[in-house]
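Student: Sequence:
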Amino acid sequence: MDSFEINKIIAAVLLTALIIIGIGKFTDVLFHVEKPKESAYKIEGLEVASASGGTSAEATKEVEVVDIKALLAMGDIGHGEKVFKKCTACHQIAAGGKNMIGPNLWNVIGRKAGVVADYKYSKAMIAYGKEWTYEEMNSYLIKPQAYVKGTKMAFAGLRKEKDRASVILYMNSKSDNPKPLP
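According to this note's numbering, the sequence shown holds residues 2 to 183 in order.
Source of the hints: derived by calculation from the structure; they are not laboratory data.
Warning: the hint list may mix true and false statements.
[As the list claims (entries may be wrong)] Taking lysine-lysine and the DSS-like style, the derived pairs with C-alpha atoms no more than 27 Å apart in a straight line are:
{"hint": "1", "residue 1": "131", "residue 2": "180"}
{"hint": "2", "residue 1": "163", "residue 2": "131"}
{"hint": "3", "residue 1": "83", "residue 2": "9"}
{"hint": "4", "residue 1": "131", "residue 2": "161"}
{"hint": "5", "residue 1": "121", "residue 2": "87"}
{"hint": "6", "residue 1": "144", "residue 2": "83"}
{"hint": "7", "residue 1": "86", "residue 2": "26"}
{"hint": "8", "residue 1": "86", "residue 2": "150"}
{"hint": "9", "residue 1": "70", "residue 2": "9"}
{"hint": "10", "residue 1": "131", "residue 2": "113"}
{"hint": "11", "residue 1": "163", "residue 2": "121"}
{"hint": "12", "residue 1": "113", "residue 2": "83"}
{"hint": "13", "residue 1": "83", "residue 2": "70"}
{"hint": "14", "residue 1": "38", "residue 2": "113"}
{"hint": "15", "residue 1": "70", "residue 2": "99"}
Build the full structure now, drawing on both the sequences and the hints.
Tutor: Listed below in structure tokens is the structure:
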């Protein structure tokens, strides 16, 4: 086979590729479809995207109205103990326990955020400073970094309502004075 034959084969392959690409472009113009501005299917539990492309914690907070009684009714302390094992890589939950990568979570429900004396919180968590109520903890556990922008907590969050409810019940049980259920 001489070089002229090889050139013809290469030219045929390139021409075929150009024709396929050209047909694709032509059909895009011929059959132009405008994409809808909003999704036709609404999926609960997904965060709201802002116009800037990021997630909007404020928009999620406003939209997310949770019946905390119904949510906590889904929970189970035993299940919460199992799910909490994900948290033990960074947190301890014991009376007089030490801080680890994250603060000790003993007495966390009802405590103000960012106040454990011997733990170095992020500036965002100190500024947040709200009390960890059942509602606040639920919203935070969905996606911590979206709820408190700038927190050091790198955990992705708990998407399943039963998991969140169970962990909240478990954390509340790990206290000198557990808060009454709503």
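Student: Does residue 161 sit within 27 Å of residue 131, going by the straight-line distance between their CA atoms?
Tutor: holds (24 Å)
Student: Verify the proposed pairing of residue 70 with residue 99, using a straight-line Cα cut of 27 Å.
Tutor: violated (32 Å)
Student: Within a Cα-Cα threshold of 27 Å, do residue 113 and residue 83 meet the stated pairing?
Tutor: holds (25 Å)
Student: Holds or violated: residue 163 and residue 121, Cα atoms, limit 27 Å.
Tutor: With Cα atoms ~31 Å apart, residue 163 and residue 121 exceed 27 Å; violated.
Student: Measure nothing beyond the straight line between the CA atoms of residue 83 and residue 70; if it is 27 Å or shorter, mark the hint as holding.
Tutor: holds (22 Å)
Student: Residue 83 and residue 9 were given as a pair; does the straight-line alpha-carbon distance stay at or below 27 Å?
Tutor: violated (67 Å)
Student: Tell me if the straight-line CA distance from residue 163 to residue 131 falls inside 27 Å.
Tutor: holds (24 Å)
Student: So if I understand the rule, the pair passes when the alpha-carbon distance is 27 Å or less; does residue 131 with residue 180 pass?
Tutor: holds (16 Å)
Student: For the pair supplied as a hint, residue 86 and residue 150, confirm whether the alpha-carbon distance does not exceed 27 Å.
Tutor: holds (25 Å)
Student: Can the restraint linking residue 70 and residue 9 be considered satisfied, given a maximum Cα separation of 27 Å?
Tutor: Judged against 27 Å, a Cα distance of about 75 Å means the pair is violated.
Student: Need the status of pair residue 144, residue 83: alpha-carbon distance at most 27 Å?
Tutor: holds (19 Å)
Student: Are the Cα positions of residue 38 and residue 113 separated by 27 Å at most?
Tutor: Violated: residue 38 and residue 113 sit about 41 Å apart, past 27 Å.
Checked against the numbered hints given earlier, this structure breaks hints 3, 7, 9, 11, 14, 15; the rest are met.
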